[in-house]
Amino acid sequence: MKDTVPKGFERWLRSVTLKPSPPDLRHKVLKAAAEYRERKAWTTPLLRRCFTACAVVLMAVFIADGLVSRAQRMQLIALAGGPRPTPIQPDDEGALLAEVLGGAVNPRMMAQETAESRRRTIRKTASDDLLQIERLTEDAHESPEDLH
Amino acid sequence: MQPEEIYDRYGEKMYHYLALRLGSPQDAEDVLQETFCRLARYSARWALVRNPRAFVFGVLRNEANRSLAKRIKRRTDGVSNPGEWDRLASVIEEPPDVPASQLARALGELPDEQREVIALKIFQDFSFREIASVCGLSINTAASRYRYGIEKLRASLEGKI
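Heads up: the sequence lines are chains A and B, in that order.
The opening position of the first sequence corresponds to residue 6 in this note's numbering, with each subsequent residue numbered one higher.
The opening position of the second sequence corresponds to residue 67 in this note's numbering, with each subsequent residue numbered one higher.
In isolation and in its complexed conformation, chain A is listed as follows:
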């Protein structure tokens, strides 16, 4: 391919020089680029410094808060005479039982069963009371002389 390019002409063309760019072009171009960069930047140097300072202050506040609350907790525990065992909540009873039974009964079923048993107890108590009232009433009717 190189053979087909006329070497003499290519050499002549290479000897052609171009005039230098206008002297003020560098300043104009760089000024435009700097202005553009400033315009497009979403933060200014001052704002960036503010962001950094805010981040440092926030971090310091978080760390100080953690340290203070930990110290307070330790103080409260010391005042209460050491850590207390937490009592088992009634709701936890079912879960505990289910755990003991090895997953055969799940906590929800246990809770349902407990509620049903409570209802049965209440119903039974109420019906016993009613029966007793009826019996007493009947006794009163059957022996009116006792009233005299």
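If you are wondering where the hints come from, they were derived from the structure by calculation, not from laboratory data.
The structure presented is a predicted model; accordingly, all values stated were derived computationally and were not measured.
In this text, a Cβ means the ideal position worked out from N, Cα and C, and glycines have one as well.
Hints may contain errors.
Result set (EDC-like, lysine to aspartate or glutamate): computed pairs, CA atoms no more than 20 Å apart in a straight line [claimed, not checked]:
1) 33(A) / 78(B)
2) 218(B) / 179(B)
3) 36(A) / 95(B)
4) 136(B) / 96(B)
5) 24(A) / 74(B)
6) 136(B) / 100(B)
Some chain A residues near chain B, calculated using beta-carbon distances under 8 Å [unchecked claim]:
7) 14
8) 15
9) 23
10) 41
11) 45
12) 114
13) 115
14) 128
15) 130
Given the coordinates of chain A, assemble chain B onto it according to the supplied hints.
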């Protein structure tokens, strides 16, 4: 790389490329300004650039293409102005055998893609590999565009050199 450093390294060559590509020193100045604005936006990418010259000329080429596309859109009749390449003569130092205006006109008559390859090869000393990388071509295509361009240019200046 800072814009000052880019300008000091490539600014002059970028201006010449644009003048040859666009045919107007004024347009070359405007597009050079836009290119530097774009390069300022790409400042974060510099760490990844392996060949700064190819990268700078790639960005420059895209800006030149944008400007040319705008120019074509502006033309209402769709025909280029025959005298529009005369302004290029003001960028060319008067050659010994041919008037600068004639050379400018001959360059203007070339198809844009051939003129571009000649501008990069002759006036910027790019290798065909670099031209191919900047223009997104194969090396063979870059070389053949150059060859056809030189032939056409020689034919239009025949008997004058």
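Hint check against the structure, violated hint numbers in rising order: When the structure is compared with the hints, numbers 12, 13, 14, 15 turn out to be violated.
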